[in-house]
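Trainee: Those protein sequence lines, which keep their order, are chains R and B. By the count of our numbering, the first sequence reaches residue 875 at its end, each step adding exactly one. By the count of our numbering, the second sequence reaches residue 875 at its end, each step adding exactly one.
Check before you lean on any hint, since a few could be wrong.
One copy or two, either will do: identical chains are not told apart, so a pair holds if it fits within one copy or between any two.
Derived pair list, reagent style EDC-like, types lysine to aspartate or glutamate, alpha-carbon separation capped at 20 Å [to be verified]:
(1) K818 - E270
(2) K871 - D568
(3) K432 - E413
(4) K871 - D721
(5) K818 - E841
(6) K272 - D856
(7) K432 - D568
(8) K432 - E733
Worth flagging that the hints you see were computed from the coordinates, not collected in a lab.
Protein chains: 2
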Amino acid sequence: MMLSSYAQGHWYTARDEGTPLLHAVTGEEVARISSAGLDVAGMLDYARRVGGPGLRALTFHQRAAMLKALAQSLSGPERKAEFHALSAATGATPADSALDIEGGISTLFVYSSKGRRELPNDTVCLDGPPELLSRKGTFAGQHLYVPLHGVAVLIDAFNFPVWGMLEKLAPALLAGMPVIVKPASQTAYLTELVFRRMVESGLLPDGAAQLICGGVGDLLEHLTGQDAVSFTGSAATAQKLRGHPVVLRNSVRFNAEADSLNCSVLGPDAKPGSDEFDLYVREVVREMTVKAGQKCTAIRRALVPSEYAGAVVEALREALGKVRVGDPAESGVTMGALASLGQRDEVRRAVERLSGAAELLQGTLDPGSFEVEGADPERGAFLPPILLLGGDPDRDEVHTVEAFGPVSTVLPYQSVGHAAALAARGEGSLVGSVFSFDDSFVRQLVLEAAAHHGRLLLVNRESAAESTGHGSPLPHLVHGGPGRAGGGEELGGIRGVLHYMQRTALQGSPTTLTAVTGRWIPGAARLQDPAGVHPFRKHLEDLRIGETLRTGTRTVTLEDIERFAASTGDRFYAHMDNEAAARNPFFDGRVAHGYLIVALAAGLFVDPDEGPVLANYGLENLRFTKPVYPGDTLRVTFTCKEKNPREAEPYGEVRWDTEVSNQDGEVVARYDVLTLVAKRPAP
Amino acid sequence: MMLSSYAQGHWYTARDEGTPLLHAVTGEEVARISSAGLDVAGMLDYARRVGGPGLRALTFHQRAAMLKALAQSLSGPERKAEFHALSAATGATPADSALDIEGGISTLFVYSSKGRRELPNDTVCLDGPPELLSRKGTFAGQHLYVPLHGVAVLIDAFNFPVWGMLEKLAPALLAGMPVIVKPASQTAYLTELVFRRMVESGLLPDGAAQLICGGVGDLLEHLTGQDAVSFTGSAATAQKLRGHPVVLRNSVRFNAEADSLNCSVLGPDAKPGSDEFDLYVREVVREMTVKAGQKCTAIRRALVPSEYAGAVVEALREALGKVRVGDPAESGVTMGALASLGQRDEVRRAVERLSGAAELLQGTLDPGSFEVEGADPERGAFLPPILLLGGDPDRDEVHTVEAFGPVSTVLPYQSVGHAAALAARGEGSLVGSVFSFDDSFVRQLVLEAAAHHGRLLLVNRESAAESTGHGSPLPHLVHGGPGRAGGGEELGGIRGVLHYMQRTALQGSPTTLTAVTGRWIPGAARLQDPAGVHPFRKHLEDLRIGETLRTGTRTVTLEDIERFAASTGDRFYAHMDNEAAARNPFFDGRVAHGYLIVALAAGLFVDPDEGPVLANYGLENLRFTKPVYPGDTLRVTFTCKEKNPREAEPYGEVRWDTEVSNQDGEVVARYDVLTLVAKRPAP
C-alpha cells in the first residue's frame with residue numbers, strides 16, 4: 193500500500209516504488225511512502241489562494257466549532273478502533289496509543305473550548321489595552337492580531353503520529369491559517385489514516401489542510417515571510433531547516449521543538465520511604481517505559497541527593513526488573529518496541545557513548561540477552577530498559593548525549609545549588625520535574641532552574657493523584673524550551689494560536705481605532721441615539737459600538753452614606769469617622785463607599801423595564817480615581833464598548849464603558865459593566 | 193582619538209591604528225575605531241558571572257528606578273549640549289539629533305514608568321491566570337517569566353547612535369539581563385560618549401552593561417541558548433548573523449529589525465485640497481528629509497489613487513523644491529548629510545537601479561548639479577531629495593530596491609484591493625500609514641495590510657496635530673515587522689521586556705504554585721491567623737500570602753432588595769418583578785442586585801476601625817456565578833492573594849481573593865478586591 197498525499201483538494205499517490213515502512217514488532221511491511229511527482233509549490237499556492245481566504249472569513253468561534261466537530265468525528269468508537277489497531281504497528285502498547293490518539297483528539301477539544309471562551313467571535317483580536325499617546329487624547333495606540341496570510345507547514349516527529357499532527361493543526365486553524373502537514377515517514381501511515389478521516393468528515397474548508405506523505409521536495413524554497421514552519425524532531429534537523437537560506441532570507445517564522453535531556457529532581461526531604469520517594473521512582477520508570485522511552489519529554493537525567501542515590505538505584509532496578517518487553521498484543525507486556533530498527537540502533541550507539549561516562553547498571557545492548565515476549569527479537573525493534581549511574585555527575589556526556597529510548601542516568605547531587613547547576617547543564621530542556629514536599633526547596637530550585645526550562649512539574653503527595661505526569665505536554669501550557677530544546681514554544685492555550693498571527697500596532701484617533709477594531713476606545717466618538725431610545729431597550733444587533741447614554745445626576749448625601757453603612761454593615765472608618773478619614777493620606781474627610789458609587793451609578797444607567805438586557809454577569813477593571821464626598825453630584829456616561837454574539841445562543845455579551853464623574857466633570861470611577869443581551873427574536 | 197570599549201568594569205583602548213571615522217559634513221576625521229585585542233569571551237563571562245546575578249537580585253521596580261535615574265543623569269543641559277554637539281558630526285540637523293538623543297532618553301523614562309506601573313515589585317512575573325488542570329483541584333498550572341541567565345548582545349545601526357542603544361538597553365535591563373552594546377562603527381563616537389556618561393553616573397550595577405567599539409571578534413562563537421541577540425541594521429547582515437552556526441545550533445534568541453520598503457497610502461477620499469491630502473504631502477516630504485531619509489521606517493513607496501497622482505507629484509515637487517541641503521550648522525538648512533560617503537554611494541547605486549523601473553522626477557545623482565550650503569559637496573555625504581514616479585506600480589524593483597536615503601517613489605493605485613496588494617509587495621514592512629478621513633476605507637485596508645506590517649499609522653484631520661508621525665517608533669508600541677523587516681519585534685512596552693525572559697509553565701498543587709510564585713492561587717492552602725487577628729489590622733509586612741478571613745453570614749431578604757432599589761434607584765425588572773424575572777432565561781424569580789451582593793460582602797469582610805488599610809482603590813474580574821434569591825444566606829471567604837510594596841511610598845497594594853458563597857456552599861460571586869495597605873511605621 194502506497195500512502196497518499198492530499199494536495200489541492202485531491203488525493204495524490206506517487207507512482208514509483210517508494211520506501212517500505214516496517215511494522216515495529218514484526219518487521220513486516222505496513223506501507224510504502226513516496227511523494228515523487230507531488231506539486232508542493234502548487235500546494236502552497238492553493239493554501240494561500242483558497243485555504244487562507246476561506247479560513248479568514250470565519251470567526252474564531254466558527255473555527256472553534258469546526259475543531260469541536262472534527263474532534264467528535266474522530267472520537268466515534270469505529271474510528272478509535274481503527275486508529276488503535278494501526279497504531280500497534282508503531283510498537284505502541286494500548287496505553288501508548290491512547291496518549292497519542294486520545295491525547296491528540298483532546299487537544300482539538302481544548303482548543304475549541306478555549307477559542308470560544310478566550311477569543312472574541314470575530315476575525316481579529318486585540319492585544320492589550322489601548323495606549324494613550326497624546327495629551328489631548330486625539331492620538332492613541334492599539335495592538336491587533338490578524339492571521340498571517342501564508343501557510344503553516346507542520347513537520348511532525350515519528351513518535352506521536354496523531355497527537356503531533358493535531359497539537360499543531362488545532363492552534364493554526366483556530367488562528368485562521370491553512371496548514372500543510374508533513375509527518376515523519378516511519379509512522380506516517382497512522383497520520384495519513386487520521387487525516388483521511390478528517391477529510392472525509394467534510395468539516396475542513398477547501399484548502400485548509402493538506403498532507404505530504406514523503407519528502408517535502410523544494411517546499412522550503414517557496415516560503416515567504418507570511419509562512420510559518422512548526423517543527424518537532426531532532427535538533428540536527430531543526431538546525432538544518434532553520435538555517436535554510438530561504439527561511440533566513442525571508443524571516444520565515446520558525447518554531448522548533450527538539451528532544452532535550454530533561455531532568456527530574458528528587459528533593460532532599462524525600463527520604464526513602466516517603467511518598468515523594470515512591471512517586472519519584474514510579475515516574476522515572478514510567479518515563480523510561482512509556483512509548484519505549486521515545487518521548488522528547490522523557491526523563492534522561494535523574495538527579496537525586498547523593499545520600500539517597502543507592503536507595504534510588506535499588507528501587508529503580510527492582511521496578512525495572514518487572515517490566516515485560518514484547519509485542520503489546522501479548523497480555524502482560526508493559527513495554528513495546530521502538531518505532532524502527534534504525535531507531536533501536538541509534539539508541540544503542542548513544543548508550544555506548546554514555547557508558548563511557550556512567551556505569552551501566554541494568555539492561556543490555558545485546559539483543560540475545562533479554563527476553564522479548566511474543567515477538568522475534570531480531571525482526572522487532574526491541575530494547576530492555578537501560579539504567580546508568582553517573583558517579584561523577586559533572587561529566588559532559590551525561591548532559592549532552594541523548595539516547596532516545598528506554599534509557600535514564602541517575603546523577604547524585606550535593607546541594608540545591610548543585611542540583612540547579614546540573615539541571616542547567618542540559619543547556620535547555622522541554623521539561624524538568626521536582627519531587628519534594630518542601631516548598632521552600634521547590635521555590636529555590638524553580639527560581640534557579642526556570643530559565644532553562646519550558647515547563648516544570650512540581651509533584652508531592654497532594655498533587656500526585658491528579659498530576660498529568662512529567663512527560664505529558666498539555667494544551668493549556670506552553671510546550672517547548674530554550675537552547676537544546678529548540679528555543680520554540682507551542683500550545684499554551686491561546687499563546688499557541690498567536691504564533692500563527694501577526695501583531696500589529698495601530699496608531700490613530702480613538703474614533704478611527706474603534707472603527708477598525710470594533711472595540712470602543714476612550715476618547716472615540718460617542719454616538720447618541722437620534723430618537724433618544726435607551727440602550728437597554730435595544731437588541732444585540734441594534735446596539736452600535738460607541739452608542740452612549742448620558743444619565744441624569746444624583747447627589748450623594750451624608751444620609752446616603754449612613755444608610756448604606758447601616759444596611760450593608762460596611763462601617764469602615766473612612767466612611768464613618770470624619771477625623772479618622774482626614775488622617776488617611778488619601779481623604780479630606782468622610783467619603784462615600786466605593787460600592788455605593790457603583791450602586792448609585794447603576795441606579796442612573798439602568799432602564800428598569802423587561803427587555804433585551806438579560807443580566808449583568810460581572811464587572812471589570814474598576815478603579816476609584818477620586819474620592820466622593822457628601823454633597824458631590826454623580827453622573828454616568830455609559831457607552832457600548834464591545835459586542836460578542838454567541839454562535840449557538842439567542843444572546844451575546846455586551847461590554848459597557850462606564851464612567852462616573854462628579855459635578856466638576858472629574859472622573860471618580862471607571863469600569864466595564866458586563867451584560868448579556870438578547871438577539872432579535874426570530875421573525 | 194581612538195574610541196574605547198568598556199569591558200569587565202574597565203575601559204579598554206586598542207593599540208593598533210584603527211579605522212578613521214569621518215565627519216559627515218566636512219569629511220574630517222572625528223575618531224578612530226578598533227577593538228583589536230579585546231577579550232570578548234571574557235566580557236560574556238563577566239556579564240554572566242557578575243552582571244546577571246547583580247541585576248536579577250533587583251526587583252523590577254528597583255531596575256525601573258535605575259532607568260529613571262539614568263535618564264535623569266543624561267538629561268542635564270551640559271550632557272545634552274555635548275551630545276548634540278557631537279551628533280552634528282553624523283550629518284544630523286538639530287531636529288534629527290533631538291529624535292536620536294531626546295528620543296532615546298525618553299525611552300528610558302517610558303520603560304521606567306511602565307516597569308513601575310505594569311510589573312510587580314518582584315524579581316519574577318506571572319503570565320496569565322492559573323490554569324485548572326484537574327477535577328478535584330489538587331493540580332494546576334501557572335506560567336511564570338524569569339530573566340534569561342545569559343547576555344543580551346545589542347547590535348545597533350549607524351542612523352540612531354543614541355536611541356538605537358537605549359531602546360534596546362532599557363527593556364533588557366528592566367528584564368534583569370546584562371547587556372553588551374555594539375554600535376555601528378560610522379557613528380560609534382556618539383554612542384561611546386553617551387555610554388561613558390552612563391558609566392560615570394555610577395548607576396549601573398557592575399557588569400550590567402559593557403560596550404564594544406569595533407568588531408565583535410569571535411563573540412558569536414561563545415553564545416548559548418540563554419543569550420539573546422537584538423540586531424538592527426541591514427537585511428543582509430541580519431541574515432548572516434541569524435544563520436551563524438552557533439546561533440542556529442544553540443537556538444540563541446535572535447531578534448532582527450531590518451530596513452523595509454515602507455509605504456504610505458493616500459485614501460481615495462483625500463482629494464487635492466483636503467486636509468488629508470496636505471497632511472500626506474507634508475509627511476512624505478518629512479520622511480524623505482528627516483535624517484536625510486536614513487530611517488528604516490521612512491516612506492519609500494507613496495501609494496496614491498491614480499487620479500490624484502499628478503496632483504501629488506506636483507505638490508511634492510513644490511515642497512521638495514524648498515528643501516535646503518547643507519551643513520546643518522548653517523541657518524536655514526533643512527536637510528543634512530548622509531552618515532558617510534559610503535552610504536551616499538550606496539544610495540546612488542540603488543537610485544540607478546530604481547530609475548530603470550520608475551521615472552526620476554526630481555533630484556539628481558550628479559554631485560555638481562545641486563546646491564549644498566556651507567559645505568564642500570565633494571567632501572560631505574550630500575544628496576538632494578530624489579522623487580521617482582512608478583508609472584507601472586506593479587514592477588518588481590519599486591517594491592524590492594531600497595535606497596536608504598532621501599528617496600521615495602510615487603505609485604498610483606486603482607482600488608483598495610490594489611493598494612493592499614501593492615503594500616504587500618514590500619514583503620513585510622516595519623510600518624505603513626494611511627491618510628484618509630473615511631474610516632471604512634481605513635478599516636478595509638488595515639484588515640488586509642496588517643499581516644504585512646508591524647505598525648500602521650492612521651492619520652486624519654482629527655489625529656494629525658498630535659500624531660507622532662509615520663517614521664517614529666514609540667516605546668509603547670511594537671517596532672519590527674515580518675519578512676523583509678526582519679521578522680522581529682522590539683519595544684511595545686512590557687512586551688519588549690519579555691523578549692529577554694523565559695516563559696516557563698509550572699504545574700503542581702495550588703499550594704506549591706503559591707509558594708513558588710508568591711501569588712495565591714484558588715485551591716491553595718488558606719492560612720488562619722492563630723490569634724484570630726483580622727487581616728485589616730495588619731501592616732503590609734505582617735500579612736501573609738494565603739491569610740484568610742472567613743466571615744459571618746448575612747441573609748438577604750426581599751426587604752433588603754426593596755430598600756436597595758429604593759435607595760439607589762436601580763429598579764431593574766429582574767430585581768423587582770417576580771414574573772418578569774422568571775421569564776428571564778437565567779432566573780427563577782426576583783434576584784438580589786449584583787451590587788447589593790458586593791456591598792453586603794464588604795459589610796461582612798470589612799473591619800471598621802482605623803488601621804493599616806488605607807483605601808479600597810478598585811476591584812477586578814468580578815463575576816456573578818449564581819443568582820442570589822431572597823432568603824439566601826451569604827458568607828465571604830477573603831484571602832490575601834498578592835502584596836506589592838511600593839519602593840518609595842509608605843504603603844503598597846494588596847489584592848484579596850473574594851469569594852461570596854450561599855448557604856449551600858455554592859459560589860455566587862468571585863472577584864479581587866484591591867486595597868492600599870500601610871507599611872509598618874518607622875520605629
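Trainee: Confirm or reject each hint.
Mentor: Against the structure, the hints:
For the homomeric pair K818 and E270, neither the shortest alpha-carbon distance inside one copy (64 Å) nor that between copies (40 Å) is at most 20 Å. Taking the shortest Cα distances, K871 and D568 never come within 20 Å of each other, neither inside one copy (66 Å) nor across copies (73 Å). With identical chains, the CA atoms of K432 and E413 are at most 20 Å apart both within one copy (13 Å) and between copies (18 Å). Within a single copy, K871 and D721 get their C-alpha atoms as close as 19 Å, which meets the 20 Å cut-off; across copies the closest is 50 Å, which misses it.
In this assembly of identical chains, the alpha carbons of K818 and E841 lie at most 20 Å apart only when taken from different copies (19 Å versus 40 Å within one copy). Taking CA atoms no more than 20 Å apart as the test, K272 paired with D856 passes in neither setting, with 68 Å inside one copy and 41 Å between copies. Taking identical chains as interchangeable, the C-alpha atoms of K432 and D568 are never at most 20 Å apart, the minima being 36 Å within one chain and 51 Å between chains. For a Cα distance limit of 20 Å, the shortest separation of K432 from E733 qualifies neither inside one copy, at 52 Å, nor across copies, at 53 Å.
Taken one by one, the earlier hints fail for this structure at numbers 1, 2, 6, 7 and 8, listed in ascending order.
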